[in-house]
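K.L.:
Those sequence lines, one after another, are chains A and B.
According to my numbering, the residues represented by the first sequence are 1 to 355, in order.
According to my numbering, the residues represented by the second sequence are 1001 to 1355, in order.
Bear in mind the hints are in silico, worked out from the structure with no lab data behind them.
Keep in mind that a hint or two might mislead.
[As the list claims (entries may be wrong)] Derived pair list, reagent style PhoX-like, types lysine-lysine, alpha-carbon separation capped at 25 Å:
hint	chain 1	residue 1	chain 2	residue 2
1	B	Lys1215	A	Lys314
2	A	Lys183	A	Lys215
3	B	Lys1215	B	Lys1190
4	A	Lys293	A	Lys101
5	A	Lys214	A	Lys190
6	A	Lys101	B	Lys1183
7	B	Lys1214	B	Lys1183
8	A	Lys101	A	Lys183
9	B	Lys1314	A	Lys215
Here the structure is a predicted model, which means the values were calculated and not measured.
Number of protein chains: 2
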Amino acid sequence: MYSYDRLYRFTYAVFTSLGCSEEHAAIATRGLIAADIRGIDSHGVARLSGYVRLWEAGRVNANPAIRIVHETPSTAVVDGDAGLGLVVAPFAMQVAIDKAKIAGTGWVSVRNSNHFGIAGHHAMMALEQDMIGMAMTNASALVAPTFSVERMLGTNPIAVAIPAGEQPPFVADFATTTAANGKLEILQRKQADTPLGWVQDRQGHPSTDANILKKQGALLPLGSDRDHGSHKGYALGSIVDIFSAVLSGASYGPWAPPFPAYVPMPENMPGEGLGHFFGAMRVDAFRPADEFKQHMDNWIARFRLARPAEGHEKVLIPGDPEREMEIIRMKEGIPLVDSVAADLEQLATRFSLTL
Amino acid sequence: MYSYDRLYRFTYAVFTSLGCSEEHAAIATRGLIAADIRGIDSHGVARLSGYVRLWEAGRVNANPAIRIVHETPSTAVVDGDAGLGLVVAPFAMQVAIDKAKIAGTGWVSVRNSNHFGIAGHHAMMALEQDMIGMAMTNASALVAPTFSVERMLGTNPIAVAIPAGEQPPFVADFATTTAANGKLEILQRKQADTPLGWVQDRQGHPSTDANILKKQGALLPLGSDRDHGSHKGYALGSIVDIFSAVLSGASYGPWAPPFPAYVPMPENMPGEGLGHFFGAMRVDAFRPADEFKQHMDNWIARFRLARPAEGHEKVLIPGDPEREMEIIRMKEGIPLVDSVAADLEQLATRFSLTL
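Between the sequences and the hints, there should be enough to build the whole structure, so can you do that?
P.N.:
So this is what it looks like as structure tokens:
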């Protein structure tokens, strides 16, 4: 078990070793470890060495001049200057929040960025301001559209965080695929198969091989197949791609830059880097905040009481599992699988740090 | 076959018979028949008698004073005064568009409304202004959240319309369930079963009974079951419910007013009528419109060329099937199943009209 503080100090030291300013290192570290603490193990320190390799490959700028390149009262486009997405995203989300303070809502599309960690962490920045927060991002192409065998979209997640009063907030954060890539990684380690409907092979046939992405297979959009609504998951992933990358001038669809540094960049990229999209809506731009939060409490309480199906104890509200995990891990620490711990030890050696 | 003009004249006459103004009757008729012409048969004239019954039950106000009750530079709340959703929705979407002209984006939450037809029709209003349009609505509860047997959410559709240049626009319009209710109705007429994963019975067991909603069964959220991401469909439907009804002061979740006029209204409703949510984003609030549209053309062209899977001719872009249907039906006319034609004949008799 690794305590939050221990992982924080180590990660912070790695980021400053790359040349990040203290401020940026702190922001990036908070964002990265938010994933570990909330139980999204695939997006936390397990990715730290991946970020370092991108920096080594010259694809991450440790000292970015992040800036607004275009704006209106309720919108902005931010250029991330090839910075860590973990740093660019909170900057852009803050712009959205500042716009919302004056215009009621704020919407920011980002280009020239990199992987931003978990979407929910950024969306949740809005909560303390009594705002609804939204965050989405495009990502390297691993997903085949309905009727296709070609990988055209990333897992393109959507996060929406909605404040409540007495109740904890509603926080949805999900890939627009049937299963996120991180779930495949867990099955790979266990040498287990996936359920049918998560992936297809290179010919487009149903598959249960958790390693199929290494064999030119593809993840499937939410819905799995046409009969079960995969065209809706494909549409959602496309909307995330367009809002994040076509609106901002980032690289989109099959041209999105790959996360693994050893994968060559696509040719003829139509824009710069990865794209993100953020939104903030002031609750009292619609109705008094107290009134809204009282009704959110009522909404949440009523859904918690929805009659459970046989074999299930209760209905969950989006955000419940991650919040429960956060309480446990802040107390008991964060478990790391051996390969991730070894990865961090290598980084420690590389930068003369101790884990 | 019924021509567009013939159905238009008849529907318009029915709406004016209810007491709608000529302007409102024209708006409502255009919205309703947009569904028939685009091939969403469940939401077109097939619903006309349902609207009339709601009017007879005093739940639809034929002469609503639709008004903005709260606003900021980029937001508004609209009270539909219990009008037809088909009339309230274009009013609210126009408010969103007008806000976007000045603030860059416009976001309108609506309370005290009724069923608004197909979401895509309203979202598409933004296209001719070089704006991205969004429309969503809550609806009577037919959907059980993941792990539940209780119907808590409507099919709560989301529509997003995005302009392109040479290419036709990208228009996604989908229920946040695995299958829309209209698809069950088609199977009922054919006395056919549903695929597994569309519905569950009253105990929450998998079912293929297309009539299961009459037996206290439920529709399933997009994803069908937990293993295939139904918690994501449940989250999406919840977000639509909250944006449409909790933000505006409409009735939400299991308290959403039912569409069939014979179903009694829920007790202790926490708000007024159905809720909708609309958004308009000026494309040039992010980057020059020509540039954006050129990249959308590139996006669409590239996705059309995605390598198809065996047995499939090509990959579709959201909006393709409906646009192709519109071309066919404007030329050849709109087919109506016998029960719908008989329904319209009854309305003709009722209001002394000829079909």
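K.L.:
It remains to establish, for every hint, whether it holds in the given structure.
P.N.:
Structure-based check of all given hints:
no.	hint	in the structure
1	Lys1215(B) / Lys314(A)	holds (23 Å)
2	Lys183(A) / Lys215(A)	holds (17 Å)
3	Lys1215(B) / Lys1190(B)	holds (19 Å)
4	Lys293(A) / Lys101(A)	holds (18 Å)
5	Lys214(A) / Lys190(A)	holds (17 Å)
6	Lys101(A) / Lys1183(B)	violated (43 Å)
7	Lys1214(B) / Lys1183(B)	holds (15 Å)
8	Lys101(A) / Lys183(A)	violated (38 Å)
9	Lys1314(B) / Lys215(A)	holds (23 Å)
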